[in-house]
Amino acid sequence: MRIFATGRTAYTLVNKDGSFAGSLIYTDNSLSEASLKCGEYIFTVGKQEGSWITAYSQDEKKIATIKVSLGGTVVLNINEKHYTFKKPLYWKLRFVVLNADKKEIPELLPLVNWSRKCYDFVLQLNDELICESDSFVILQALQSAVWSMAMMNGTLVATVGCIT
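If you count by this note's numbering, then the sequence shown holds residues 8 to 171, one letter each, in order.
To be clear, the hints were calculated from the coordinates, so they are not data collected in a lab.
Keep in mind that the hints are not guaranteed to be accurate.
[Said to hold, decoys possible] Below 30 Å or equal to it, Euclidean Cα-Cα: the simulated DSS-like pairs (lysine-lysine) are: (1) K44 <-> K23; (2) K93 <-> K74; (3) K124 <-> K94; (4) K110 <-> K88; (5) K99 <-> K54; (6) K94 <-> K110; (7) K124 <-> K68; (8) K109 <-> K93; (9) K94 <-> K54; (10) K109 <-> K54; (11) K93 <-> K68; (12) K74 <-> K54; (13) K44 <-> K93; (14) K88 <-> K124; (15) K109 <-> K88; (16) K110 <-> K74; (17) K124 <-> K99; (18) K88 <-> K23; (19) K110 <-> K69; (20) K69 <-> K88; (21) K109 <-> K68; (22) K124 <-> K54; (23) K124 <-> K109; (24) K74 <-> K44; (25) K23 <-> K94; (26) K93 <-> K69; (27) K110 <-> K68; (28) K54 <-> K110; (29) K110 <-> K93; (30) K23 <-> K93; (31) K99 <-> K69; (32) K99 <-> K68; (33) K44 <-> K69; (34) K44 <-> K110; (35) K74 <-> K109; (36) K99 <-> K74; (37) K68 <-> K88; (38) K44 <-> K54; (39) K109 <-> K23.
Computed from a predicted model, the values in this text were never measured in an experiment.
Make a model of the complete structure from these sequences and hints.
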């Protein structure tokens, strides 16, 4: 899979064969609301105090919650599964999603796209855990990476959602 920035606040996820896998499109530059399309399903993403909620557009049934914790760790809860999104403390700027066994699933490497004034993301998937890397999990990780980059640049301030 590959991620393409199609605009300053729009991203498309494409399969290896070039077919559409999903998209993440923010409604404005504040990144507080977005539309997430995964296959034929459309979700809305909304910011609440300390968290972001992803729900079906049709019935507003909650599917995923993203909460920022102290220390820069982001907790993703997707359909009763728990993931951790974090930026490892290496020199290389990258983001990873860890499953419950603390194994890296997708890895996102941000690259500055000066012409669009946004970030492109290189997606690297763990071949052993490819079954856990569906497009919805990858788009949730992309969403967290976009927000993390905005927080590091000072354009977005997140309220800490859970203090542990």
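Now for the hints, and whether the structure bears them out:
In summary, the hint linking K44 to K23 is supported, as the alpha carbons are separated by about 18 Å, within the 30 Å threshold. Restraint check: the Cα-Cα separation between K93 and K74 comes to about 12 Å, which is no more than 30 Å; the hinted pair holds. For the suggested pair K124 and K94, the alpha carbons sit about 22 Å apart, so the restraint of at most 30 Å is met. Using a Cα cut-off of 30 Å, the hinted pair K110 and K88 holds, with the two alpha carbons roughly 14 Å apart.
Between K99 and K54 the CA atoms are separated by roughly 29 Å; this keeps the pair inside 30 Å, and the hint holds. For the hint linking K94 to K110, the alpha-carbon distance of about 14 Å falls within 30 Å, and the restraint holds. Taken as a hint, the K124 and K68 pair is broken in the structure, with Cα atoms around 34 Å apart against an allowance of 30 Å. Taking the CA atoms of K109 and K93, the gap is about 11 Å. The hint holds against a cut of 30 Å.
Simply put, K94 and K54 have alpha-carbon atoms about 21 Å apart, close enough for the 30 Å limit, and the pair holds. Pair hint K109 plus K54 holds up; C-alpha atoms about 27 Å apart against a cutoff of 30 Å. The straight-line distance between the Cα atoms of K93 and K68 is roughly 26 Å, inside the 30 Å bound, and the hint therefore holds. Using a Cα cut-off of 30 Å, the hinted pair K74 and K54 holds, with the two alpha carbons roughly 10 Å apart.
Taking the CA atoms of K44 and K93, the gap is about 24 Å. The hint holds against a cut of 30 Å. Distance check on the hinted pair: K88 and K124 sit about 34 Å apart at the alpha-carbon level, beyond 30 Å; violated. For the suggested pair K109 and K88, the alpha carbons sit about 13 Å apart, so the restraint of at most 30 Å is met. For a cut-off of 30 Å, the pair hint linking K110 to K74 stands: about 20 Å separates their Cα positions.
In summary, the hint linking K124 to K99 is supported, as the alpha carbons are separated by about 21 Å, within the 30 Å threshold. In summary, the hint linking K88 to K23 is supported, as the alpha carbons are separated by about 26 Å, within the 30 Å threshold. Simply put, K110 and K69 have alpha-carbon atoms about 26 Å apart, close enough for the 30 Å limit, and the pair holds. Using a Cα cut-off of 30 Å, the hinted pair K69 and K88 holds, with the two alpha carbons roughly 13 Å apart.
Between K109 and K68 the alpha-carbon distance is near 28 Å, which keeps this suggested pair within the 30 Å criterion. Between K124 and K54, the direct Cα distance comes to roughly 23 Å. Compliance with the 30 Å bound is thereby established for this hinted pair. Note on K124 and K109: the hinted pairing is violated, with a Cα-Cα distance of about 33 Å set against a maximum of 30 Å. Pair hint K74 plus K44 holds up; C-alpha atoms about 21 Å apart against a cutoff of 30 Å.
The straight-line distance between the Cα atoms of K23 and K94 is roughly 26 Å, inside the 30 Å bound, and the hint therefore holds. Among the hinted pairs, K93 with K69 is consistent with the structure: their alpha-carbon atoms are about 23 Å apart, no more than 30 Å. For the proposed pair K110 and K68, the alpha carbon gap of about 29 Å is at most 30 Å, so the pair holds. As the CA atoms of K54 and K110 are separated by approximately 28 Å, the hinted pair is consistent with the 30 Å bound.
This hinted pair checks out: K110 and K93 have alpha carbons roughly 12 Å apart, not beyond 30 Å. With a C-alpha separation of about 26 Å, the suggested pair K23 and K93 falls inside the 30 Å cut-off, and the hint holds. For the suggested pair K99 and K69, the alpha carbons sit about 34 Å apart, so the restraint of at most 30 Å is broken. Of the supplied pair hints, the one linking K99 and K68 is violated, its CA atoms being roughly 38 Å apart against a limit of 30 Å.
Between the alpha carbons of K44 and K69 the distance comes to roughly 15 Å, so the proposed pair stays at or under 30 Å and holds. Our distance criterion of 30 Å between C-alpha atoms is met by K44 and K110, whose separation comes to about 26 Å. Pair hint K74 plus K109 holds up; C-alpha atoms about 18 Å apart against a cutoff of 30 Å. A C-alpha spacing of about 24 Å is found between K99 and K74, which places the hinted pair at or below 30 Å, so the restraint holds.
Distance hint between K68 and K88 is fulfilled; the C-alpha atoms sit about 16 Å from each other, no more than 30 Å. For the given pair, K44 sits about 17 Å from K54 by alpha-carbon distance, which is consistent with the 30 Å threshold. Only pairs whose Cα atoms come within 30 Å are accepted, and K109 paired with K23 is accepted, the gap being roughly 26 Å.
Hints 7, 14, 23, 31 and 32 from the list above are not met by this structure, while the remaining hints are.
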